[in-house]
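Model the full assembly from the supplied sequences, consistent with the hints where possible.
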Amino acid sequence: MADPNPLLYATLLVPVAWVAIGLLGLVRGRSVLWVGRTLFPLGALAGLALGLVALASLGAPTESLTLPLGLAQLAFHIRLDALARFFLLLIGFTSTGIGVFSAGYFRAGEGTAPGLLCLQYHVFLASMAVVVIADDAYLFLVAWETMALSSYFLVTTQHRLPEIRRAGFIYLLIAHLGAIGILLCFGVMQAGNWQFTFDAMRAAQLTPVWASTAFFLALFGFGAKAGLVPLHVWLPEAHPAAPSPVSALMSGVMLEIAVYGVLRVTFDLLHVQLWWWGLVTLGLGLFTSLFGAVFAAVQTDMKRLLAYSSIENIGILFLGVGLSIIFHAFHMSLLAALALAATLYHCLNHALSKSLLFLSTGSVLHATRERSLGKLGGLIHRMPWVAWLALVGTLAIAGLPPLNGFVSEWLLLQAFLFTPDLPHSYVNMLLPMGAAALALVAALAAYVMVKFYGVIFLGQPRERAAREAQDCGRLERIGLLWLAAGCVLLGIFPVPLLALLNNVSRGLLGASLGTQLQHWWLLTPIAPERASYSPVVFMLSTVVLVAAVVLGVRLFYHGRIRKAAPWGCGFPLLTPRMQDTAEGFGQPIRQIFEPFFRIQRALPSPFDTSPHYRVRVEDHFWYALYAPIAGLVRRISSLAGAVQQGRISVYLLYSFLTLIALLAFVL
Amino acid sequence: MNITTLITQLTEVILAVIAAPLLMGWVNQCRSWLQNRRGAGMLQPYRQIRKLFHKDAVIAAHASPLFRLVPYVQFASMCLAAAIIPSLWTGLPFAVAADTIALVGLFATARVFLALAAMDIGTAFGSMGARREMLVGFLAEPALLMVFFTASLISHSTSLPTIVETLAHGRLAIYPSLAFAGVAFLMVLLAENARIPVDNPATHLELTMIHEATVLEYSARHLALIEWSVALKLFNYTCIGLALFLPWGLAAGTHSPGDLLLAIPITGLKLLVAGFGLALIESLNAKLRIFRAPEFLATAFLLAVLGLLVHLLLGS
Amino acid sequence: MTTPAFSSQLINLCAALLLLLSFAMLSQRRVLTLVDLFAMQGGTLFISIIVVAWSTGQPHLYYSAALTLILKVILLPLILHRLIRRLGAQWESETLLNTPTTMLVGLLLVIFAFTLAQPISQLANTVTRGTLGIALAVVMLSFLMMITRRKAVTQVIGFLAMENGLFFAATSATYGMPMVVELGVALDVLVSMVILGIFFFHIREQFDSLDLHNMESLKED
Amino acid sequence: MELLLLLGLPLLGSLLLALIGRRAWTPEANVLMSAGTFAAGVWLTAHVIAHGPMLVWHEQFFIDPFNVFLVILTAFIGLTTSLFSRPYLRTEEHHGRLNRRQLRLYHSMFQLFMFTMLLALTTNNMGILWVAMEAATLTTVLLVSLYRTPASIEAAWKYFILCGVGLAQALFGTILLYFAAEKVLGNAGSTALLWTHLNEVKGRLEPTVLSLAFVFMLVGYGTKVGLAPLHNWLPDAHAEGPTPVSAVLSGLLLNVALYAVVRCKVLVQGSVRSDLAGNLMMGFGLLSLVLAAFLLWRQKDIKRLFAYSSIEHMGLATFAFGMGGPVANFAALLHMTVHSLTKSSLFFTVGHATQQAGTQVMDKIRGLITINPTVGWGLMLGTLAILGMPPFGVFTSEFLILITAMRDHPWATPILLLGLGVAFGAIFSRVQAMVFGETRLPRLPHPPVLVPVFAQLALVLALGLYIPPHLAAWYREAARLIG
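Chains as they are written, first to last, in the working numbering: chain A, 1 to 667; chain B, 1 to 316; chain C, 1 to 221; chain D, 1 to 483.
Keep in mind that the hints were calculated from the coordinates and are not lab data.
Remember, it's a predicted structure, so these values are computed and weren't measured experimentally.
Treat the hints with care, since some could be wrong.
For lysine-lysine, the following DSS-like pairs were computed, each having C-alpha atoms within a straight-line distance of at most 25 Å [as the list claims (entries may be wrong)]:
1) D:364 to D:300
2) C:219 to D:364
3) D:300 to C:219
4) A:563 to B:55
5) B:51 to A:563
Here chain D is said to cover these stretches of chain C; the calculated rule only asks that three of the stretch's residues, wherever they fall, bring their Cβ under 8 Å from a Cβ of chain D [as the list claims (entries may be wrong)]:
6) 31-45
7) 69-76
8) 113-120
9) 149-159
10) 166-175
Simulated restraints on C-beta separations [stated by the list, open to error]:
11) B:272 to A:470: 57 to 67 Å
12) A:603 to B:286: 23 to 33 Å
13) D:22 to A:13: 58 to 68 Å
14) A:632 to B:314: 46 to 56 Å
15) B:65 to A:474: 16 to 26 Å
16) D:480 to A:10: 39 to 49 Å
17) A:610 to D:442: 40 to 50 Å
18) A:13 to D:24: 52 to 62 Å
19) A:664 to D:25: 53 to 63 Å
20) D:96 to A:664: 51 to 61 Å
21) B:61 to A:629: 53 to 63 Å
22) A:650 to D:96: 30 to 40 Å
23) D:472 to A:664: 35 to 45 Å
From the three backbone atoms N, C-alpha and C, an ideal C-beta is built for every residue, glycine too.
Dropping the structure here:
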């Protein structure tokens, strides 16, 4: 191993700095000026540094380091390769925006003291960075659980509300179960040499059965964190419960870290990849994405909607991972690299755009104190900054060209188009279905995002709070602007970043898209005649065309513009309350995908003088999977309770019988 | 890329922009004839656009800038689409910038903006229209994409000119999968362009309208642009259909300007036939209930997927 | 020499007596008689220890015997008598199992204990090889008594009887434990008796009776 | 000399406090005594580290790395508990739940209890070990019944009878052990029960007798460890005694009992040459873990909750010792350490919390973090630590135990995970509800002392991130001794 270069130490320094900043937050915990205006910007600066360092060293050779900390036999190992650096970049750049936003966001008197929040927030960041650079099972798990724990405390900031406590509990419980799965996975992967460094796992030779066990344990563990259906139940509860910058971090960064885990285990630590793993992952991913999109469409709470949209995106990410595994297993390395690049690209996209949206809901929440879509509306007038920047995020998440979301979807669809070439007769038939489903999901995402944006920012204010909203402060604007700029840049210049991503795929798959990325402006993942996409040209020509049309119309047209009341179809009392509600907007989806939902509806009778309409849309999984498990535990525990029934004679009898039984056993 | 191809490209776009209302007029005229009416003549769309451009605009008091931006975006994206679609020849230099997937994305962008604009006013109709528009979109889009996929699996490319070139100038082959795709495409075309049986472009009946509800608040130049882009959209879709399923007669990228000149009348003829067919379909069908529209589109989606499967199964 | 044979016969007799007394205690429902039986058991134990000490010539066993005499035959029964009189707990109420069943179970336990002790007895080179099984049987019968009785006092007597069995095992099977240990054990027994005595008063103060069914409130419900 | 101080101080303290116990400064004297004991423990530890195992006073006392770490742990937790009990008992007195006489009893018995614990740990004589354990039972019975309420009397009675009977079995086991040892070592009076001697000749001891002896000793000492189904006294005693007593019961007594079991296991394993002892311990460990985990779901009383959690963790440690081998033993020792530290600190916070709320019923304790942030955070962090959340040390030991189980006994892994998962859900859901939320509780008259809590949690945290090399070497040495 070469001498670690200074960049490695710089990378290490950032998590340390974050923890230090967090601890400083305790010094004057109640002072918004200190915590908000000093520490959070510092944290953001550290994030920026991390991102830049990672960007600069993305092509550098792998470096590793052993820290003099940790267990006796197992010191903390640290390793920086291209995959780790890519995710550090993601953490760094995303947290920069979120950090700047948070600097303006947190105010005194909201639940937990700002100083404590600052500590939890920065420890959360630091733990995510450490997860990525950890190179042994123990450090990985410590960082992983610290991440869960710090985010748990962030989620329960508003712990006075019962539903938030419940959300926190479910979150931590599932996170813990997931961590157990990961632990088991590491246990399987060391394959008898009892070295828990990742290097030892790389060297281990596993039989296919054990390798599969390890893979599925990893899928379970990381899937629980990522919100893979059916382990998703915590996500729509916990993400909305947290303060918005934290939701942004959780959705935008933490979920991607889970994907990192899957990639690390599958492509780096395991030495074989079986094609059917990919098929299962892909299937789960597809179902998750469809599930997330469909549920997002019927939500009435803006943050819940975004949380479900995160589930959808996680599904897409796992889809990409699965596709990559399949290609890799069939030794189609170039295509595997393509799918991987699409996945990683989508990680970054999702990190930026989902953070952007969550942050903008934070601004809306601050301005109106309202989360329910049914009470917002028309905020584009009162909050133009937030609204226009959120529009960027909306279009990006919806996967529309020429923004970034489209790039990764485009790459993924391209990868799908090669699945008929797979040398396996069923798989190559089945997989194009995946493309169909992906297309459906992408279209649904657009539906969801129109609902999200339209109901919050467009139309007329539905309640007074929305009518009196104020736009966000300067720091918040900078944070939003940073993320929005990221979305646009990634959308327009995908090629340079994809070229950087080649380092990752070279490291993991031994192949890259190298020669296909010759033109900086033209994206040709496989071959120019096969497919090409040039977002720059696309964007430029759109702008030019719009400008030309505007100018042309200006040139020929001289009419005036008159403002008037909207046309009411002859109905005299058109009030803002007659706009389509969030429920109404989701209604067609609810109807089409009815089997997905567990719907409880109370319709008023025709003669009711004060009619009430109530509908509850719930998740089947909760009732079909989690509730029975909880019931089972309760039943067993009541059986176990019978053991302890208070009578001393019975207790003595237990001892006696135990003794007799053991004696008989020994005899 | 040289100046000639650039000029050809521009010519094609301009031709499309100009010819689009004509196609719309032709379809309407055919429909009138089929319904035993005299009709307003094929040039009626031009007159309407001209009239709208001369009016003063009325805009709802609480419309946001987004509302006023959307018609331009709408029109620009349809122009862009026209630049990608090989309506006359396959050597379009601009097609490198966007393949079929990007084309679908472009249509989606236009639709999303339209839906957002519809919601901007905050009336019951606007948001209802937006919802229905998106509903149609989310089912039609994947179907369209599947149609493209079938074609691109045949030609091993997602680039539209390459696809068309393979289909038109390659070895003559019968593709059963394309039959499925063709039917699916037709259904998508009907739905996307607000034609019967999914929507009725001529109605303003509140309960059934889809597209009209979204543009209810537009007037004058904005409405003109929207109307024009709607016509352009129909033109684009028809050209896509022609390029995919009746590609013969298109000029290949390497051919001389003579071929190009020849392609103009051929395409024109094909458009006339297609327009008549469209009118025929519209006249023979009744409008579906709005709740049936998803079923209609789901069928389209299934047919497209079926086409894909057939291709994989038969290898053709 | 007939002495070993004679002494081992004597010890075996004591052992049998112990077992018999255990059965008697198991079936006895009058608490005061139970205490008397306990004292008799202690006496038998004392005799057996003397015999062992005498036949093997181990002087420290005499101390043990003296301890047993003082503690088990004199002191503890005395304390118990006084306690029971003062607390008015002469009668055992219902046992949890009826007497015949208890006896039957007891019989099975004895068989089990003998079977268990069989392989160990084979190894013993002491004069008292057969007694370990009986000691075990006494322990188990006392255990059974504790399980079936409902009064705090009888439970304690069962507990003490169990200690008798243990003592018997210690002396007869192994010629006594090291002195330090025996002293410690004796001290513990004494202290525990004192504490129990205090406890009886507390229990009666709190529950108005020594019946154990009052003490079933701490449970999982 | 160190040993004399270590054992003499608490004994002396017990007598002293019994004499002067009614003075107002008794709690401080108690702290002073405990501090002295701790200092002696440190001294002893330093000595053992410097000079290796020591065997003193006619070989009656034996200090090796295995028990010296428990000695120092015991002395430390004794010290912290005495620190905690000072304000706690003052508040109890203030509330009129305890009077001076009871306080005198408490302080005297506390010191005596410390003496018995240290005696049990340091003695080389298996008989004395038994005597010390029995004496520990007697002292704690008095401590548990301190409040003299019906419930506490009942709990103490059950504790006394069950443990008394259990220990009687242990005595029988000891007799059998002696019986077997005597054959080999000769009945040279007192040496036949000395552990060091037994350990030397363990290969020649009669296997049948030893396996029977082990069963008796396992049942006997296992009752004190709280192994299911012998555990029934444990939740009652923990819940009804004063909280400092619960802390030392969980933090010390269970450890020492487990220590006794392990000492026996070493002998039996050497003799029987099969995994009998280990397998039995694993079985009991698993059963305790799972049963306790499920019982946790039924708890309403906060101290019972943590009592069951102790059963669960003792089950885990027993399981680990049962598996044997350097890693598992290492893990088990570590687990004993971190469990003691965490659980006693938890009981400290629980003590303050219950005083604050005036009840032990969990449903009535709410919003601790609002009314008293330090208590709230202490409880929350302690709970997370005990649940095995990294970076706390409990995670370290559980990690090691789990991976060893996966290697040697894969079948046990799902059961372990089931237990840990169920316990996590049970404990966390309840603690979260107590720590968070709205509250209407009044403030405490005496400010709580939470320095011990956070000091111990910090230790646990440190152990999770970094085990100093000499400590690790020490643990390894102990693990090697256990085999």
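Handout entry: Contradicted hints - numbers only
Key = 6 and 7
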